[in-house]
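J.: Residues per chain are reported as follows:
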Amino acid sequence: MDKPVKDAGGGSKRGEGKDGKFTVNRRDFLRGVAVVGGAAFLGSPADALASRELTGWPDRVGMLTDLTECVGCRTCESACNAANGLPAPEVPFDEKSVFERKRRPTASAYTVVNRYGNAKGSGNPIYRKVQCNHCEEPSCASACPVRAYTKTPEGPVLYDKDVCFGCRYCMVACPYYAPAYDYESALEPRVVKCTMCHGRIKAGGIPACAGSCPVGAITFGNRTKLLKIARERIRKFPDRYVDQVYGEFEAGGTSWMYLSGIPFGELDFPTNLPRKPIVENTRGFLSAVPLVLTLWPALLGLCYTANRNKEEKG
Amino acid sequence: MSDNCLVKEETYPARFLSKLTMGMSMSEYARKLVTPFNVVAVIILSVGLPLIGLRFYSGLATVTHASNEYPWSILLGWGLFSGVPLSGTGYVMATAVYIFGFRKYHPLVRLGVLTGFMGYLFAVIYLLIDIGRPWRIYYPMAVSFGPTSVLFLVAWHVSTYLTVQLLEFSPAILEWINARRTRKWAILITVGMTIGGVILSTLHQSALGALFLMAPGKLHPLWYSPFIPVFFFISSIYAGLCMVIVVSTVASRFLKEKADDQFLGSLDGLTVGLGKAACVVMFVYFALRMVGVAHDDNWSLLLSSSYGYWFLTEILLFVLLPCIVLTVGFKRNSATLVRVGAFHAIAGVILTRLNISILMFNWNLPGHFHAIVPPIREVFIVLSIITLHILIFRWILNRMPVMREDPAYADDPH
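Each protein sequence line maps, in turn, to chains H and P. Numbers in this note's numbering are just positions in the first sequence, counted from 1, shifted up by 932. Numbers in this note's numbering are just positions in the second sequence, counted from 1, shifted up by 115.
No lab work stands behind these hints: they were computed from the structure. Don't take every hint at face value.
To be verified - To give a feel for the contact side, a few chain P residues facing chain H, derived at Cβ under 7 Å:
| # | residue |
| --- | --- |
| 1 | Pro165 |
| 2 | Ile167 |
| 3 | Phe171 |
| 4 | Ile292 |
| 5 | Ile310 |
As the list claims (entries may be wrong) - DEER-style ranges, computed between Cβ atoms:
| # | chain 1 | residue 1 | chain 2 | residue 2 | range |
| --- | --- | --- | --- | --- | --- |
| 6 | P | Asn479 | H | Leu1234 | 26 to 32 Å |
| 7 | P | Leu480 | H | Gly1153 | 31 to 37 Å |
| 8 | H | Gly1017 | P | Ala409 | 49 to 55 Å |
| 9 | H | Pro1170 | P | Leu169 | 57 to 63 Å |
| 10 | H | Leu1223 | P | Leu403 | 17 to 23 Å |
To be verified - So, partial list: chain H residues that the calculated Cβ filter (under 8 Å) puts toward chain P:
| # | residue |
| --- | --- |
| 11 | Val1104 |
| 12 | Leu1205 |
| 13 | Pro1209 |
| 14 | Phe1217 |
| 15 | Pro1229 |
What you are looking at is a predicted structure, and each value in this text was computed from that prediction instead of being measured. Glycine included, each C-beta is placed from N, C-alpha and C at the ideal position.
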């Protein structure tokens, strides 16, 4: 239930063993032992599972992107570039030729906008902004063996280059292909992704892309309220939107949410994601670990003893 | 070693040098090194090693096709995901002999443990080339802990197991350098190390599969299964058994003079026995893979696309077929047929691991097949690490008592 909060700067030390993740592991362990001991009296595993339901923080923020509003001006890309001090792009931000191929966020661009044909036939192309979606329970963070990722209480998922050793498992685990890697860097490569302008949010501001959008396609605010706004828009204009807020439930939900006029699958959004956080898929495996650690020595020791005696007789 | 009594009066460095050159003089030794195999090895290394240098000079992008969509290339697909199951040799042999009491397989234990140790060592070497900041490789162990990560588990267990295997192999090293008293201690911990080895192997072999549990949708549904950790663990057992057959076959052919009569004399019989064990495990594995298809009700995918045909190729031609070859081999008591089956089964394990880590990963991205063909530079890096692997392996087999018993220690139990 509780997710650990680590300051972006500070490396985690052994002393942090009291925080959430270690507790969850201990609980897993106890649950495992309880199951094996046949101790149904101690409380069923289902209870333990229910107590871990994802609740998140009530005042976390989010971003609602209305793809029916976006005009593909790329102002957000330019604002993001400036706000994060990224290198100048190869092709200027007012150049439309970039739409001829599908792009993805890279080490020098936290966000990109792609163009899609409109299957509804109204003639206007559809633009989709791509960046890290800042999951409620991020796969990258649970996949990282050195905890280089932090889900902040405000919502953004942050990456800490000071502990990362470049295994890139976060990139394997991210269902949205969000993290990019500095493949050109020989010795100091980093994983690079949108920070949702965490510094600005902390200071009371709003992310650069949302602030710069000339047509108001990106709304920044409390995630719960954004969901209400999104639902309200769908209710008011049922012909304009498909009846889905992408990011509400996908892989446990994301801070970044989308409204679209055409099915999300046609815009390269992954549509085969589970509703629960992806890390749930490894829970069973991780719970089995303490069992192997405790049962194997006993069983193998037994085997050894039995066979040693046989050996002596023979 | 036979030359020990001759060098008693010599100084310690001279004695050590003679150990390294296997009792030959330097010029004699140098002359013996010029063989066709070594010439090819030097050519491969002279291309591959500079390329490894290039990776640390101008980045992974210059030597691999690893990209933001495909972060793991053949460096890991081959080096880690294929290399680790093939290194299951150590734990299967040590368990069979020391835990289950199949004493007659004792001649193969050291070869198995050495194969396992070298396999893990080189898996780490592939990893060190692939990861961004290799000098931070101990970070999961000492600096910042991510216990929710399956990779955290892999890091811990692979590094611990590497140590365990070194300890398991240490009697051979200690016999080589004639450290009799230390060797006694090393023998004492054998059973403890073996049990530790099985625990660690169970966990990290399965954890390598569990890594992909975090990529539903990215991995093709025929290969993605909640049972994937079990698949990886079970297949590592028969991979280990078959790899012992393969390595002992190759080593006894090319380094015959380094093996004693007990090793060579029992090899065919033991090979058939290992083949029998392997095919039992393979039938279980085959059944489990089918259960996996049934569990997710993926039957309709089998005959509906080329992915399905590819899955059937893997499961029928590279699991069931070698399994049948092994069965026929041990039924007819034919070591040759068992060896053919073992080579075939190993090819199957490699194919499965490459399918999961590379070929079927991101199967739904456009331009997928173009993205998975490795560049020639990366192929040469892999080739040169394989070459180094063989050279060091051969170096050890030439010197240490692995395929033979040191007569000086024949009376000591181990």
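J.: Would you check whether Pro165 (chain P) satisfies its interface hint, that is, whether its CB is within less than 7 Å of any CB in chain H?
T.: violated (14 Å)
J.: Could you check if Ile292 (chain P) really has its C-beta closer than 7 Å to a C-beta on chain H?
T.: violated (29 Å)
J.: Holds or violated: the hint that Ile310 (chain P) contacts chain H, with Cβ atoms closer than 7 Å.
T.: holds (5 Å)
J.: Mind checking the CB of Ile167 (chain P) against every CB in chain H and telling me if the closest is under 7 Å?
T.: violated (12 Å)
J.: Between Leu1223 (chain H) and Leu403 (chain P), does the beta-carbon spacing fit 17 to 23 Å?
T.: Distance hint for Leu1223 (chain H), Leu403 (chain P) holds at roughly 19 Å.
J.: Classify the hint on Pro1229 (chain H) as holds or violated, based on whether any CB of chain P lies nearer than 8 Å to its CB.
T.: Constraint on Pro1229 (chain H) satisfied, holds at 6 Å.
J.: Minimum Cβ distance from Phe171 (chain P) to chain H below 7 Å?
T.: holds (6 Å)
J.: Taking the Cβ atom of Gly1017 (chain H) and the Cβ atom of Ala409 (chain P), is their distance within the range 49 to 55 Å?
T.: Holds - the Cβ-Cβ distance for Gly1017 (chain H) and Ala409 (chain P), about 54 Å, lies within 49 to 55 Å.
J.: Holds or violated: Leu1205 (chain H) as interface residue toward chain P, Cβ cutoff 8 Å?
T.: holds (6 Å)
J.: Is the distance from the Cβ of Asn479 (chain P) to the Cβ of Leu1234 (chain H) consistent with 26 to 32 Å?
T.: violated (47 Å)
J.: Take the C-beta atom of Leu480 (chain P) and the C-beta atom of Gly1153 (chain H), compute their distance, and say whether it sits inside 31 to 37 Å.
T.: Holds: the Cβ-Cβ distance is about 33 Å, inside 31 to 37 Å.
J.: Under 8 Å is the threshold here; is the Cβ of Pro1209 (chain H) close enough to any Cβ of chain P for the hint to stand?
T.: violated (10 Å)
Hint compliance for this structure: hints 1, 2, 4, 6 and 13 are not met, and every other hint is.
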